[in-house]
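Asker: Could you put together the complete structure from these sequences and hints?
Chains as they are written, first to last, in the numbering used here: chain A, 420 to 756; chain B, 420 to 756; chain C, 420 to 756; chain D, 420 to 756.
Hints are computed from structural coordinates only; laboratory data are not their basis.
Among the clues, some could well be false.
Each pair may be met inside one copy or between any two copies, as identical chains are not told apart.
Unchecked claim - Simulated pairs of lysine to aspartate or glutamate, DMTMM-like, Cα-Cα distance not exceeding 25 angstroms:
no.	residue 1	residue 2
1	K481	E636
2	K490	E737
3	K474	E444
4	K452	D439
There are 4 protein chains.
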Amino acid sequence: MMIIIMSPTATKENLKKVQDKILKEGLRYHLSKGELRTIVGVIGDKKIISGLQMKAFEGVEKTVQITEKYKLVSREFKPEDTIVNIGGVLVGGGNLGIMAGPCAVESMEQLLESAEAVKARGANFLRGGAFKPRTSPYDFQGLAREGLEMLKAAGEKTGLKVVTEIVDMNALDLISEYADVLQIGARNMQNFELLKAVGRSQKPVLLKRGMSATISEWLNAAEYILSEGNYNVILCERGIRTYETFTRNTLDLSAVAAVKELSHLPIIVDPSHGTGRWQMVRPMARAAIAAGADGLMIEVHPHPEIALSDGDQSLTPENFSLVMKDVQNMMQVMGRE
Amino acid sequence: MMIIIMSPTATKENLKKVQDKILKEGLRYHLSKGELRTIVGVIGDKKIISGLQMKAFEGVEKTVQITEKYKLVSREFKPEDTIVNIGGVLVGGGNLGIMAGPCAVESMEQLLESAEAVKARGANFLRGGAFKPRTSPYDFQGLAREGLEMLKAAGEKTGLKVVTEIVDMNALDLISEYADVLQIGARNMQNFELLKAVGRSQKPVLLKRGMSATISEWLNAAEYILSEGNYNVILCERGIRTYETFTRNTLDLSAVAAVKELSHLPIIVDPSHGTGRWQMVRPMARAAIAAGADGLMIEVHPHPEIALSDGDQSLTPENFSLVMKDVQNMMQVMGRE
Amino acid sequence: MMIIIMSPTATKENLKKVQDKILKEGLRYHLSKGELRTIVGVIGDKKIISGLQMKAFEGVEKTVQITEKYKLVSREFKPEDTIVNIGGVLVGGGNLGIMAGPCAVESMEQLLESAEAVKARGANFLRGGAFKPRTSPYDFQGLAREGLEMLKAAGEKTGLKVVTEIVDMNALDLISEYADVLQIGARNMQNFELLKAVGRSQKPVLLKRGMSATISEWLNAAEYILSEGNYNVILCERGIRTYETFTRNTLDLSAVAAVKELSHLPIIVDPSHGTGRWQMVRPMARAAIAAGADGLMIEVHPHPEIALSDGDQSLTPENFSLVMKDVQNMMQVMGRE
Amino acid sequence: MMIIIMSPTATKENLKKVQDKILKEGLRYHLSKGELRTIVGVIGDKKIISGLQMKAFEGVEKTVQITEKYKLVSREFKPEDTIVNIGGVLVGGGNLGIMAGPCAVESMEQLLESAEAVKARGANFLRGGAFKPRTSPYDFQGLAREGLEMLKAAGEKTGLKVVTEIVDMNALDLISEYADVLQIGARNMQNFELLKAVGRSQKPVLLKRGMSATISEWLNAAEYILSEGNYNVILCERGIRTYETFTRNTLDLSAVAAVKELSHLPIIVDPSHGTGRWQMVRPMARAAIAAGADGLMIEVHPHPEIALSDGDQSLTPENFSLVMKDVQNMMQVMGRE
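Answerer: Below, the structure is given as structure tokens:
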């Protein structure tokens with residue numbers, strides 16, 4: 420539904436043209452005449468309404484889209500929580516996905532050490548980047564196929580499911596061979612060709628929120644994946660860009676509550692990228708679970724000070740232990756509700 | 420400390436002028452010469468350094484302030500948590516301040532009903548505005564002195580401490596007579612005259628974060644109060660302004676962790692203004708406590724649908740009960756750390 | 420006018436309560452029933468509508484305010500451009516106000532040198548702060564009354580009108596004695612007590628846009644001044660706070676075009692604070708005039724490298740000459756329209 | 420160069436480990452010891468420095484990157500303005516590229532009418548989308564190959580060069596056959612695989628600024644293209660995302676001045692997307708040229724009210740005439756400098 424507000428100076432002819440346009444598109448309308456303004460409520464096919472360009476008509480002051488464009492991801496469409504099943508490991512509907520590991524895969528030794536450390540402390544997913552989207556072309560770009568092989572090996576050895584980022588739709592088959600979950604990073608949240616490609620696959624997808632994406636844009640991005648047939652989508656809040664510079668991003672935990680209201684999809688939180696400071700990961704992980712998140716994505720590196728990427732925000736295995744203890748305590752409280 | 424980065428094209432004379440200026444101000448410096456650039460580290464009196472205008476010198480590419488200007492509010496200056504004592508009720512260092520009540524005082528009946536409701540459910544402070552700073556001059560501006568009298572009466576009747584906003588330094592004596600805590604609202608966070616005025620008083624102050632204030636600016640605003648002699652300051656995170664429109668503001672819970680790291684002052688969270696949606700108050704209140712907040716400020720109105728201000732974000736007493744139960748559970752977890 | 424969108428699950432009783440509330444407030448409504456949602460258009464007294472708290476009613480999904488709350492500042496209320504007359508110097512309606520001078524008044528010598536320099540190059544106003552609102556209590560706070568005396572003397576000597584900032588309503592009489600225009604700074608844009616105080620005076624007011632104020636909030640702030648009887652208001656765009664850090668603020672020149680559409684008040688632009696970099700002042704001054712601004716506020720200091728405040732963004736008199744030549748050329752183009 | 424600030428509590432061992440790490444990476448350092456803090460300036464290979472993770476070391480308080488990572492796009496690397504030659508039409512160094520046409524290609528008739536209209540009024544490029552990245556999967560996605568064919572035909576008929584967006588690296592060969600300039604849209608600014616792909620081509624590229632990209636990130640994105648060998652890059656400012664909702668985006672004209680300072684690449688401005696309101700296109704186009712832009716990208720549609728995409732911000736040919744007259748006047752002034 421769309422609301423069209425006519426300006427106080429709109430003429431009858433202006434209004435007539437608006438009405439004609441609406442009928443011509445196969446839509447219907449209701450008029451409300453106020454003292455100063457007439458308001459037109461447009462009803463009919465969502466897709467047609469979303470394409471209307473009414474502000475270009477003379478006499479139109481403002482238009483307001485009332486209903487969201489997304490459908491399949493909405494709570495209205497499917498009231499019960501979606502639980503994504505990743506080879507037997509469930510995420511959503513009370514099941515936590517704890518995804519931990521290094522930012523980038525650097526070597527088999529580093530990866531395996533990380534994987535064993537996080538497994539022992541309660542993680543059920545191993546995260547690690549083989550293809551890294553980096554701001555500068557001169558930064559470390561990842562180990563590519565070699566990295567994927569290490570991830571698969573480490574996953575098999577420890578029993579952890581593997582999450583890794585896809586940045587190029589042509590690598591879909593390759594990555595699908597090695598990974599259990601395909602991660603779409605913040606920078607690619609509106610890379611619609613990539614969204615459609617993973618949508619045509621049946622692999623579970625972890626869709627990170629774009630750096631300055633609204634919740635509505637994020638859910639519309641997820642809709643691209645579902646509309647191609649892949650319903651196995653997990654959302655991941657990772658901080659948004661604001662004026663504040665003390666933290667790398669501003670972790671928007673209210674997005675957890677908002678997504679729970681608007682959508683049935685599970686949502687996890689990444690306090691490592693969300694804050695960019697390892698000291699803040701623990702309190703923010705706690706807060707994320709308290710807000711209702713279905714899991715966490717946390718960077719853990721056996722030796723953060725020699726990490727090739729994002730060492731500033733990586734936890735040592737010892738600090739990750741403290742986070743996991745908090746999470747367990749928190750889950751007891753949440754369960755008592 | 421300040422770092423001055425000379426540009427690659429800076430001449431010896433450019434550098435000389437910079438050095439002379441530093442010495443002339445009674446400061447000292449260290450030079451680091453790189454291949455392309457020379458770097459000057461300036462050491463000495465914080466106040467003098469903060470006044471230096473070095474970018475106006477030729478050959479200076481960039482300057483970086485290393486140390487924050489605030490001092491009295493810093494954790495370095497006072498490592499242990501400050502506990503503010505409001506007539507026997509403590510806030511900080513593990514003591515929660517739960518401030519609840521209507522956005523605006525409307526009538527004695529409404530206020531007393533609210534006060535009794537929140538007291539019965541565990542609040543220890545009554546909040547309510549007698550002077551309301553409103554975006555439009557045509558919005559309800561508060562009951563003024565009459566509102567203050569009602570607040571005091573309701574506070575005495577229920578045993579709740581009273582928190583109310585001060586918007587005019589000339590009203591300081593008046594408000595101090597009736598209130599236990601003076602609230603500085605977001606719009607006045609950098610109204611320095613008002614900060615200095617409450618700094619000269621000894622009344623506890625609740626300092627809300629400005630709509631788009633950095634954490635550093637916020638702590639500097641608190642420094643204005645402490646530097647006048649009033650150390651009884653509680654900070655309040657109430658959401659910052661971002662591009663997201665689903666929520667009224669973006670509640671920045673990482674600010675809780677940041678303030679705990681940088682300062683000894685207690686910090687509470689206002690999820691009502693922070694989200695602008697009553698449905699989100701409960702999960703965000705839970706998350707705030709999990710993040711380490713020393714309390715909450717929550718709008719509760721016996722009949723939100725007839726509130727004169729901010730009814731959209733006010734809880735009914737029944738919903739406030741649920742929040743308080745969550746808070747108690749959460750505190751058990753936090754205590755177990 | 421307000422639009423209330425009922426949720427698809429709203430009952431007849433929910434709708435009935437909404438209708439009753441509207442009628443009880445003396446307002447009227449129109450209903451539009453769609454397939455899924457009913458929409459209620461509320462008509463009647465602006466002030467009452469702006470106080471409605473409809474989202475707190477069960478069954479209400481969303482509310483949209485259609486009309487702005489401000490009235491006296493609107494172009495609808497007064498279609499022709501306002502021209503503010505400051506002792507014979509006009510600003511608005513094609514008359515440019517060029518306000519130049521140092522950020523802070525430091526000494527009679529510095530001020531007079533600045534004043535003569537900017538007068539000789541075409542400025543018609545002298546700007547300079549006697550009371551400086553500074554982020555830190557330890558920064559230079561201005562010369563106060565002594566600074567005001569210098570401003571008045573320099574203004575009289577050069578024939579420039581004097582613009583200076585007011586930060587404390589108790590200083591209104593004092594400052595009014597010395598200054599021709601009262602400046603309200605960005606940090607005080609929503610210090611409503613101060614706005615009301617200058618509104619009760621008849622002195623022209625320069626109202627800077629708040630750091631993160633929307634255009635609507637800014638015009639509402641101006642409405643506070645006009646609604647007290649003072650119609651001599653000039654707006655000043657000075658950059659807004661965004662995520663970008665290369666510039667001190669992001670100068671929003673589209674605000675010039677927006678204000679021209681929405682309001683009859685004159686608007687000038689401050690490229691010095693707007694960019695924080697003296698190298699960018701000249702192109703941005705040019706762009707401001709091209710966008711339709713009624714003037715400029717520019718920091719000029721005879722010796723920026725020894726300025727006590729904001730030297731980084733101050734122009735030398737020589738660079739100010741270049742700006743003024745650009746402005747004159749630009750005005751020819753604009754006149755040719 | 421990187422600056423490492425040690426915390427006041429850092430031990431000699433902490434410092435030793437930092438020094439060892441720097442040397443181990445083949446880098447060098449200078450120490451500055453202040454009263455409270457030691458500062459370490461790191462010198463050596465840019466790429467290695469940019470990979471350092473020093474905040475993860477104990478005792479490190481803060482790190483500051485002094486030098487930007489990009490190189491080929493920088494003004495330091497190439498002081499004179501780059502002029503991009505598109506089949507004989509030059510952009511940069513005083514040559515304006517005026518790119519006009521409909522948001523999306525809808526039909527041959529609409530396109531040709533647009534092309535002839537903008538050609539007659541002084542445009543030298545025809546813009547139009549054949550592949551449209553849209554927020555919702557249900558919005559019009561473009562005519563694909565058919566649209567490309569129309570663009571080429573319309574370009575040949577009118578003598579306009581063709582600019583069109585590429586959203587999928589696999590379509591590079593296809594689009595290159597039909598278009599003269601490959602446009603990378605805001606949503607793909609950090610789609611690094613796409614950047615590398617167009618970098619391996621020799622087609623001129625128009626790189627739009629990301630919705631919330633800093634100037635530094637934008638120049639680094641351009642560096643991806645240049646580092647693959649394609650130096651024919653034109654930047655395009657199209658508004659950034661801020662809290663302001665009156666305009667669709669906030670057009671950041673100071674980015675024009677900033678890019679001119681930091682880089683040799685030409686930069687044009689898109690006031691249509693930048694404001695989202697056709698009424699604001701004309702003043703903002705004027706301001707863009709005044710700020711120093713090397714051209715404009717403007718949406719022009721013969722009948723904006725029936726446009727399938729972005730009609731709200733499209734100009735009629737008549738209004739585009741007014742813009743072009745302003746541009747011509749403006750260029751005379753700018754030439755006189």
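Asker: For every hint, state whether the structure bears it out.
Answerer: Status of each hint after checking the structure:
Proximity of K481 and E636 under a CA criterion of 25 angstroms is satisfied in both settings, with 21 angstroms inside one chain copy and 18 angstroms between copies. Taking CA atoms no more than 25 angstroms apart as the test, K490 paired with E737 passes in neither setting, with 43 angstroms inside one copy and 33 angstroms between copies. In this assembly of identical chains, the alpha carbons of K474 and E444 lie at most 25 angstroms apart only when taken from the same copy (16 angstroms versus 32 angstroms across copies). Proximity of K452 to D439 under the C-alpha cut-off of 25 angstroms is found in both arrangements, the shortest distances being 18 angstroms within a copy and 20 angstroms between copies.
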